[in-house]
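Peer 1: Chain residues, written in single-letter form:
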Amino acid sequence: MILQATTLTDTIADVLGSLGLDAANPLVVLLAGLLAAALVATIVLLNAALAGPWAKRKITAAFTDRISVNRIGPMGIGTIVVDSVRLLSKELIIPEKADRPAYDLAPILLASSALLGFAVIPMGSGIQVADPEIGLAYVFAVASIASLGLLMAGYASNNKYSFLGGLRAVAQNLAYEIPLVLTGASVVIFAGSLRLSEIVAAQQGTFLSLGPVAIPNWFAFINPFAFALFMLANLAEVGRNPFDIPEAPTEIVAGYQTEYSSVYFVLFYLGEFIHIFLGGAIVATLFLGGPAGPLLPGIVWFLIKIWGVFLFTQWARSAVPRVRIDQLIEIGWKVMLVLALINLLLTAIIVGVVA
Amino acid sequence: MIGVLKGMATTMKHALDGKTFTVEYPETAPEVSPRFRGVHKYSQERCIWCRQCENVCPNDTIQIVMDDQRNGEQYNLHVGQCIYCRLCEEVCPTDAIVLTQNFEFVGDTKDDLAYDKEELKNVPWYKDIDPLESREPDRGSWIGEGEGEVDYQ
Amino acid sequence: MSLQERSPAEPDVGVTEDGLDYDELADLLGDHVLDREEHVNAEGFVIRPDEVEDVLSTLKERAGFDHLSAVTAQEYDDRYESIYHLKKYDDPTQELSVVVPTSSEEPVSQSGASVFDTADWHEREAYDLVGIEYDQHPDLRRILLPETWQGHPLSNEYNQTQPQVVTLREHANPLQEDKQSPQDPDTMFVNIGPHHPATHGVLHVKTVLDGEQIVDLDPDIGYLHRSEEQMCQQGTYRHQIMPYPDRWDYTPGGLLNEWAYARAAEDLADIDVPEYAQVLRTMSAELTRIAAHMLAVGTFGLDLYGDFTVIFMYAVRDREVVQNLLEDLTGQRLMFNYFRLGGVAWDLPEPRQEYLEKVREFTDELPERLEEYHDLITGNEIFQMRCIDTGVLPPEVAKSYGATGPVARGSGVDYDLRRDDPYGYYDELDWDVVTEDGMDNYARVLVRLQEVEESAKIIRQCLDLLEDWPEDDRTIQSNVPRTLRPDPDKEVYRAVEGAKGELGIYIRSDGTDKPARFKIRSPCFSNLQTLPVMSEGEYIPDMVASLGSLDIVLGEVDR
Chain A
262 MILQATTLTD TIADVLGSLG LDAANPLVVL LAGLLAAALV ATIVLLNAAL
312 AGPWAKRKIT AAFTDRISVN RIGPMGIGTI VVDSVRLLSK ELIIPEKADR
362 PAYDLAPILL ASSALLGFAV IPMGSGIQVA DPEIGLAYVF AVASIASLGL
412 LMAGYASNNK YSFLGGLRAV AQNLAYEIPL VLTGASVVIF AGSLRLSEIV
462 AAQQGTFLSL GPVAIPNWFA FINPFAFALF MLANLAEVGR NPFDIPEAPT
512 EIVAGYQTEY SSVYFVLFYL GEFIHIFLGG AIVATLFLGG PAGPLLPGIV
562 WFLIKIWGVF LFTQWARSAV PRVRIDQLIE IGWKVMLVLA LINLLLTAII
612 VGVVA
Chain B
21 MIGVLKGMAT TMKHALDGKT FTVEYPETAP EVSPRFRGVH KYSQERCIWC
71 RQCENVCPND TIQIVMDDQR NGEQYNLHVG QCIYCRLCEE VCPTDAIVLT
121 QNFEFVGDTK DDLAYDKEEL KNVPWYKDID PLESREPDRG SWIGEGEGEV
171 DYQ
Chain C
5 MSLQERSPAE PDVGVTEDGL DYDELADLLG DHVLDREEHV NAEGFVIRPD
55 EVEDVLSTLK ERAGFDHLSA VTAQEYDDRY ESIYHLKKYD DPTQELSVVV
105 PTSSEEPVSQ SGASVFDTAD WHEREAYDLV GIEYDQHPDL RRILLPETWQ
155 GHPLSNEYNQ TQPQVVTLRE HANPLQEDKQ SPQDPDTMFV NIGPHHPATH
205 GVLHVKTVLD GEQIVDLDPD IGYLHRSEEQ MCQQGTYRHQ IMPYPDRWDY
255 TPGGLLNEWA YARAAEDLAD IDVPEYAQVL RTMSAELTRI AAHMLAVGTF
305 GLDLYGDFTV IFMYAVRDRE VVQNLLEDLT GQRLMFNYFR LGGVAWDLPE
355 PRQEYLEKVR EFTDELPERL EEYHDLITGN EIFQMRCIDT GVLPPEVAKS
405 YGATGPVARG SGVDYDLRRD DPYGYYDELD WDVVTEDGMD NYARVLVRLQ
455 EVEESAKIIR QCLDLLEDWP EDDRTIQSNV PRTLRPDPDK EVYRAVEGAK
505 GELGIYIRSD GTDKPARFKI RSPCFSNLQT LPVMSEGEYI PDMVASLGSL
555 DIVLGEVDR
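Chains as they are written, first to last, in the working numbering: chain A, 262 to 616; chain B, 21 to 173; chain C, 5 to 563.
Just so you know, the hints here were simulated from the structure itself, not pulled from any lab data. Please note that a few of the clues may not be correct.
Below, a list of computed lysine to any residue pairs in the SDA-like style, where the Cα atoms sit at most 20 Å apart [what the hints assert, rightly or not]:
id	chain 1	residue 1	chain 2	residue 2
1	B	26	C	374
2	A	319	B	41
3	B	130	B	76
4	C	210	A	419
5	C	518	B	75
6	A	358	C	193
7	A	421	C	198
8	B	39	A	322
9	B	33	C	374
10	B	33	A	327
11	B	130	B	103
12	B	26	C	376
13	A	319	A	564
14	A	317	B	39
15	A	421	A	363
16	A	421	C	212
17	B	39	A	330
18	B	26	C	383
19	B	26	C	373
20	B	33	C	372
21	B	33	C	312
22	C	518	C	190
23	B	33	A	322
24	B	33	C	221
25	B	39	A	329
26	B	39	C	321
27	A	421	C	234
28	B	33	C	198
29	C	461	C	383
30	B	141	B	109
31	B	33	A	564
32	A	319	B	79
33	A	595	B	21
34	A	317	B	32
35	A	421	C	190
36	A	319	B	43
37	C	210	C	198
38	C	518	B	21
Let the hints inform the model, and build the full structure from the sequences given.
Peer 2: Now the structure itself:
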């Protein structure tokens, strides 16, 4: 059952080989890797661009009985172009005593850490840039570089609101990182490996057959408790309701984003959406069988699943109030951590007994 | 947790039933009630220059200029400064100044919105509705025996 | 309603079966009373300016006057005067005015802030606008105008035509070293507002923070000061003042504000209002109350849930329905100008039955909509976690700060002017006053949601009445002369239950057709004073939530 999946890099290297280059040359492999990364990044950025200016508004409008963007282009899709031009053409205002290198690097850090995470996610149809042995640990590690970015943004802006927002962000990320990783670890115990392609492969096969409907072997069905915990911790990691206190607009204006304008703001905005999609991708890979699904090609199912998670975050955002920072930390350390440990223990026992 | 889930279910219900409360303006021009107070329209034929409107206006929006023989020369109304209280219309004994239902007026600068007599005469009706017919003349306490029909030109 | 006891042993002085016995009260105060005046709503006792504290504390403890409604300050030709309007929370029809004249050259009088906390901000405003200085006031500085303003606008020798420009550089910040308070170097000073998404207007709150907890809080108001009082003093009673009350509480509580002015002016000039007009007034005022509460709940949800969330949108959608109904009735959606002295401007729109059906439809759909709110807000555990036990305002503190309206009723103080000091058609209809004992933000939200139901009850009863009203009896306005000149030197202070609390108006006439002094007692002004008490020691999110639950409207606070 443990097969080495062909990564996109290999595919492109083969293509380049058929074009006459030496496929075993490490430089050619590097070129193939860069091409693969560009392709994956384009897919991700397209999704994020669609989600940010357009889908978010349409979805929130549906929840609030409104017609939202619908003027430019069919169903308002042209808004994406208009919005991008508008945001990028704004004046770049830099506060007087901002700590310059940190101020400039923070948005880049936020956006790029999410993109880095996408490097190892199996998206189906052979699209996966690399498949290292420690895939899952790599994803978690890279995604949490974002906390550093938030702290840099909050501190370097020379603004008390940003400062408060940055501190809140760090506290929140720390508190919810551990339940996230522990729940992920319980999945690893099921699958037996950290390699993401093997985790996906472990979810093939049928769990239950209820007549004509075959429920596949997805970890969401085997261990729904872990699924719920992971979704909740994921919401906290990306900073969405009910845990969006670092950028609570009605209290600290925009938190760590207060002093950013134009390009930097675009990077923060898109970076947040890329993080949501990364979280959705991790959820899909760990719990929803990755690109598995009948009929349609794997990449389409994968996109459907991460958009499903995105819809869920928008739904939670529309309907759930935000938790205060001390309550949030309390929930993180006292409730979620305990539940994650219990989950891990039970999983270990069950796997040890059954297998 | 139940409360949170109930709340989420309520919002999802709203999303799925597809009804919207907003309309697409300007394709759908909204219905306004007959009593809606919009821009003023002035009729020089009716006006008897009694200056009651100027007197009653709370913030001196109407300015009337008379010449030496006390003939009316200018009738200026700053629609940007006006608070649309309708007191001028209530006071006018001849329905010379009427608040139409038109709210779609623009100006480039504030001074553009200081309408003089000509501009006031040319204010268009909103959807061609003459408000005087749609509002019952309710002026008994003002003019006394206001029973007669006031035929507006 | 007249005989009451504060403690079983000792009844309040001056309370009799028929109302207040002013002679008994004058005997209680003995030598302090220099003279007695007759105002339209109550008697006034004139006292010396250095005995204010004694008199007020005697009246509070022995005679049971525990509600200082307003402090009116004005300047006559030969003297300055401050009037303390006293009432009782248990029975607001028992009123007493304490008049404190001071000399023109040296207007100093003793402060009443040690007896009533309400007087703190009211006296600051009197000092700011009129120029009377209050001795022993804890913190006498300007409140509505900038710190460096020269002169007192409502005093007689102020030059109205000379412009004054106060630049930002000169606007001195009282906390000079804006980083720390001197006692505790670990604190941080943050300005919340005036440009802020959650301060409900342009409100500037100077907070001193210790981490995320609030150590000290100082609201700085006056950014929306439009000198409404002066504008009303320059308009005639009969028409020109009436458009302005809409603009005090613009959320829209417009008709309730207009009613405050109409009530005060009608009492001043002895004008009767026909019964049909009373029913119309009641119905339209309750419609605005629903709209105002919807917006209050909506913006509170906005503070707590974040933007783009559903609470605000649903509340605004419901408010739009009410505004459509009011547009059919009055002609405007926010600035109604519907009341006139002596009645209302218009009868129900023709065809009557159609309009009555529309309003009935609205009140029938209301319980279902409120169910939705209860599902989304009050039943939500996270909301309960955020709101219960935050922003606690004990009833005694609420009373001493003069808090009224849903803020006081959420702390268990059973005070509602529609029932206790009836006007309009309220005493002939069947409805209840809603109080909750929670004292926290959650209780205030519950009070508002339940009050919407009560208003719907009142509207339904009014609709039935209007439908069956005989046709030849439908007078909407009594016969009032075109220029109204009340008798000179008459003073009246009347209050109604506005959307946010007790909205009171003091008018003094001097024989002309414009008021000589027009003072507005705004409920949000007194309610906002309780913010420091409510949020000390709590976190910033709780302070924002408390501010939202106080439901202030800066138009009313700053006038």
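Peer 1: Are the Cα positions of residue 319(A) and residue 43(B) separated by 20 Å at most?
Peer 2: 15 Å, holds
Peer 1: Need the status of pair residue 319(A), residue 564(A): alpha-carbon distance at most 20 Å?
Peer 2: Distance of about 18 Å is within 20 Å: holds.
Peer 1: Between residue 39(B) and residue 330(A), is the straight-line Cα distance small enough, at 20 Å or below?
Peer 2: Satisfied, since the Cα-Cα distance of roughly 16 Å is no more than 20 Å.
Peer 1: Given the hinted pair residue 141(B) and residue 109(B), is their alpha-carbon gap at most 20 Å?
Peer 2: OK: residue 141(B) and residue 109(B) at ~15 Å, within 20 Å.
Peer 1: Given the hinted pair residue 421(A) and residue 190(C), is their Cα-Cα distance within 20 Å?
Peer 2: Given pair residue 421(A), residue 190(C) holds - Cα atoms ~14 Å apart, limit 20 Å.
Peer 1: Is residue 518(C) close enough to residue 21(B), meaning Cα to Cα at most 20 Å?
Peer 2: Measuring from Cα to Cα gives roughly 60 Å; hence the hint is violated.
Peer 1: Taking only the CA atoms, is the gap from residue 130(B) to residue 76(B) under or equal to 20 Å?
Peer 2: This hinted pair is violated, its Cα atoms lying about 23 Å apart.
Peer 1: Does residue 212(C) sit within 20 Å of residue 421(A), going by the straight-line distance between their CA atoms?
Peer 2: 12 Å, holds
Peer 1: Would you mind confirming whether the straight-line C-alpha gap from residue 518(C) to residue 75(B) stays at or under 20 Å?
Peer 2: 14 Å, holds
Peer 1: Could you grab the alpha-carbon distance between residue 26(B) and residue 374(C) and see if it respects the 20 Å cut-off?
Peer 2: 14 Å, holds
Peer 1: Straight-line Cα separation of residue 317(A) and residue 39(B) no greater than 20 Å?
Peer 2: 18 Å, holds
Peer 1: Would you mind confirming whether the straight-line C-alpha gap from residue 210(C) to residue 419(A) stays at or under 20 Å?
Peer 2: Roughly 19 Å separates the two Cα atoms, so the pair holds.
Hints 3, 22, 24, 27, 28, 29, 31, 32 and 38 from the earlier list are contradicted by this structure; the remaining hints agree with it.
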